[in-house]
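J.: All chains should be modelled from the sequences, with the hints used to inform the complete structure.
Number of protein chains: 2
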Amino acid sequence: MNAVIEQLASHRSIRRYTGRGIDDDLLEDLVRAGQGAASSSFIQAYSIVRVRDTDKRARIAAAAGDQRWVREAPVFLVMCADLLRVARAVRKSRGEQLAGWTEHFLAASVDVALMAQNVMVAAESVGLGAVFIGGIRNDPMTVSEVLDLPEHVYPAFGLCLGWPDQDPEVKPRMPVDMILHEDRYDAARVECDVDRYDDIMREYYAARSENQRTTDWSTPTANAVQGKTREHMLSFLNARGFLKR
Amino acid sequence: MNAVIEQLASHRSIRRYTGRGIDDDLLEDLVRAGQGAASSSFIQAYSIVRVRDTDKRARIAAAAGDQRWVREAPVFLVMCADLLRVARAVRKSRGEQLAGWTEHFLAASVDVALMAQNVMVAAESVGLGAVFIGGIRNDPMTVSEVLDLPEHVYPAFGLCLGWPDQDPEVKPRMPVDMILHEDRYDAARVECDVDRYDDIMREYYAARSENQRTTDWSTPTANAVQGKTREHMLSFLNARGFLKR
Chain A
1 MNAVIEQLAS
11 HRSIRRYTGR
21 GIDDDLLEDL
31 VRAGQGAASS
41 SFIQAYSIVR
51 VRDTDKRARI
61 AAAAGDQRWV
71 REAPVFLVMC
81 ADLLRVARAV
91 RKSRGEQLAG
101 WTEHFLAASV
111 DVALMAQNVM
121 VAAESVGLGA
131 VFIGGIRNDP
141 MTVSEVLDLP
151 EHVYPAFGLC
161 LGWPDQDPEV
171 KPRMPVDMIL
181 HEDRYDAARV
191 ECDVDRYDDI
201 MREYYAARSE
211 NQRTTDWSTP
221 TANAVQGKTR
231 EHMLSFLNAR
241 GFLKR
Chain B
1 MNAVIEQLAS
11 HRSIRRYTGR
21 GIDDDLLEDL
31 VRAGQGAASS
41 SFIQAYSIVR
51 VRDTDKRARI
61 AAAAGDQRWV
71 REAPVFLVMC
81 ADLLRVARAV
91 RKSRGEQLAG
101 WTEHFLAASV
111 DVALMAQNVM
121 VAAESVGLGA
131 VFIGGIRNDP
141 MTVSEVLDLP
151 EHVYPAFGLC
161 LGWPDQDPEV
171 KPRMPVDMIL
181 HEDRYDAARV
191 ECDVDRYDDI
201 MREYYAARSE
211 NQRTTDWSTP
221 TANAVQGKTR
231 EHMLSFLNAR
241 GFLKR
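Here the protein sequences line up with chains A and B, keeping their order. Note that the first sequence covers residues 1 to 245 in our numbering. Note that the second sequence covers residues 1 to 245 in our numbering.
Take the hints with a grain of salt, since some may be wrong.
Treat identical chains as interchangeable: a pair holds within one or across any two.
[Stated by the list, open to error] Cross-link-like lysine to any residue pairs, in silico, SDA-like; alpha carbons within 25 Å at most:
#1 92 - 193
#2 92 - 150
#3 92 - 174
#4 92 - 188
#5 228 - 26
#6 56 - 74
#7 228 - 103
#8 228 - 193
#9 92 - 207
#10 244 - 126
#11 228 - 190
#12 171 - 91
#13 92 - 187
#14 244 - 229
#15 228 - 202
Think of the hints as simulated: they come from the structure by calculation, not from any bench. All values derive from a computational prediction rather than experimental measurement.
T.: See below:
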């Protein structure tokens, strides 16, 4: 494995930062690295809103379930799926409106994720730590209002960036053979696979007494997923011009 | 800029490959790098189906609009958003069913994109070239049937990998100030921004006479987006257990 692959395989979310700031030039380099990612039909369907204003930062942190690091990170970015420029291109070139197709929502959502992952990788390559904040989807309308996001733009997730003041372990991922299938997906394996990964995670947590909890993968996953149904998402996205058909 | 950021900012899609194959060990390293990406609540909601079978590869290539490189690439992967293991965890731990919330569709779609971008970056770090294949969404039901994808799993996009046999230029991205906003999104700028980027791309294409076309950004973007509405996506995803509410 080369240094890049080592870096990619050893990502940990960093939620505590030293007081050191991030230069604007460095941030621009990270954004340029983000923009280097592939984009569906080159639509580049993303925008980033950097939130510097203390009051706006606090309102978004509260909307995201009061995550301290959203307030404290030297840089906090809201990564948006953005079809506004595409809508303009469609109007300019063809005199037509974007109709809110599911395909376009998906293309924009993938676009912003590819871009954001490049920003993450670029940040880690210079020693920064970072964490994605899906919690902004707890209250995406408030986030949209705070940042004046127009129709055709939605806040997909946040990204906190800073110089690390913690050194957490890398959690064991699923075994490769659970992820990588050949020529067909064998769905009959799922119960056995989940049991196997539950054993791996139970051993991992049990070996860490400071963790104060012995759990597996299924239990916290089930609780997180069923506790974060975010039932407003479809109507919110509809109101912003997405997923209408 | 360090070497990693340089690499990220200089991505090009590679669609022609030498005859050299990719070792299974290297492919596993790329997948491990992919799995290193952050995952919403650590759900790891993705699977990869490697397609080796020639007949299956040809059927998927045809479904994707007969893209030659889907047949020719030494490795072709179908990157799937996968909530089947999560559904199993929810049933195992809480005796409940996944209900098809939009939030879970989005979390899984972002998860697979973050993972796939890491695979892309890892591949390019060893000199491989790659291209994402959104075209499999032209006919996602055929792709799902060919690969036996179960409910709670959908094929998000493909990924062709191989040793490059071409050296295309990096296309100019949008200026950073079109992407990076501060504290608020100024939607009033969009017409002017799109005009500006149209000028940049028109100059770029005009300087390349071999390209045989002088166009801008808006025209091909509008045509691509309006030509790829993929109107089946919502009913397809509904049938696979996604985006039901």
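J.: Are the hints correct? Go through all of them and say.
T.: Now for the hints, and whether the structure bears them out:
1. 92 - 193: between (51 Å within a copy, 12 Å between copies)
2. 92 - 150: within (18 Å within a copy, 42 Å between copies)
3. 92 - 174: For residue 92 and residue 174, only the inter-copy Cα distance (17 Å) is at most 25 Å; the intra-copy one is 47 Å.
4. 92 - 188: between (51 Å within a copy, 15 Å between copies)
5. 228 - 26: neither (34 Å within a copy, 36 Å between copies)
6. 56 - 74: Result: close within a single copy only, 14 Å intra versus 49 Å inter.
7. 228 - 103: Classified as both; 24 Å inside a copy, 8 Å across copies.
8. 228 - 193: For residue 228 and residue 193, the Cα distance is within 25 Å only inside one copy (24 Å; across copies 37 Å).
9. 92 - 207: between (60 Å within a copy, 24 Å between copies)
10. 244 - 126: Neither: 41 Å inside a chain and 42 Å across chains, both beyond 25 Å.
11. 228 - 190: Intra 23 Å, inter 34 Å, cutoff 25 Å: intra-copy only.
12. 171 - 91: between (47 Å within a copy, 24 Å between copies)
13. 92 - 187: between (47 Å within a copy, 16 Å between copies)
14. 244 - 229: Both: 20 Å inside a copy, 12 Å across copies.
15. 228 - 202: This pair counts as within: shortest intra-copy Cα distance 23 Å, inter-copy 45 Å.
Of the hints listed earlier, those the structure fails to meet are numbers 5, 10, in rising order.
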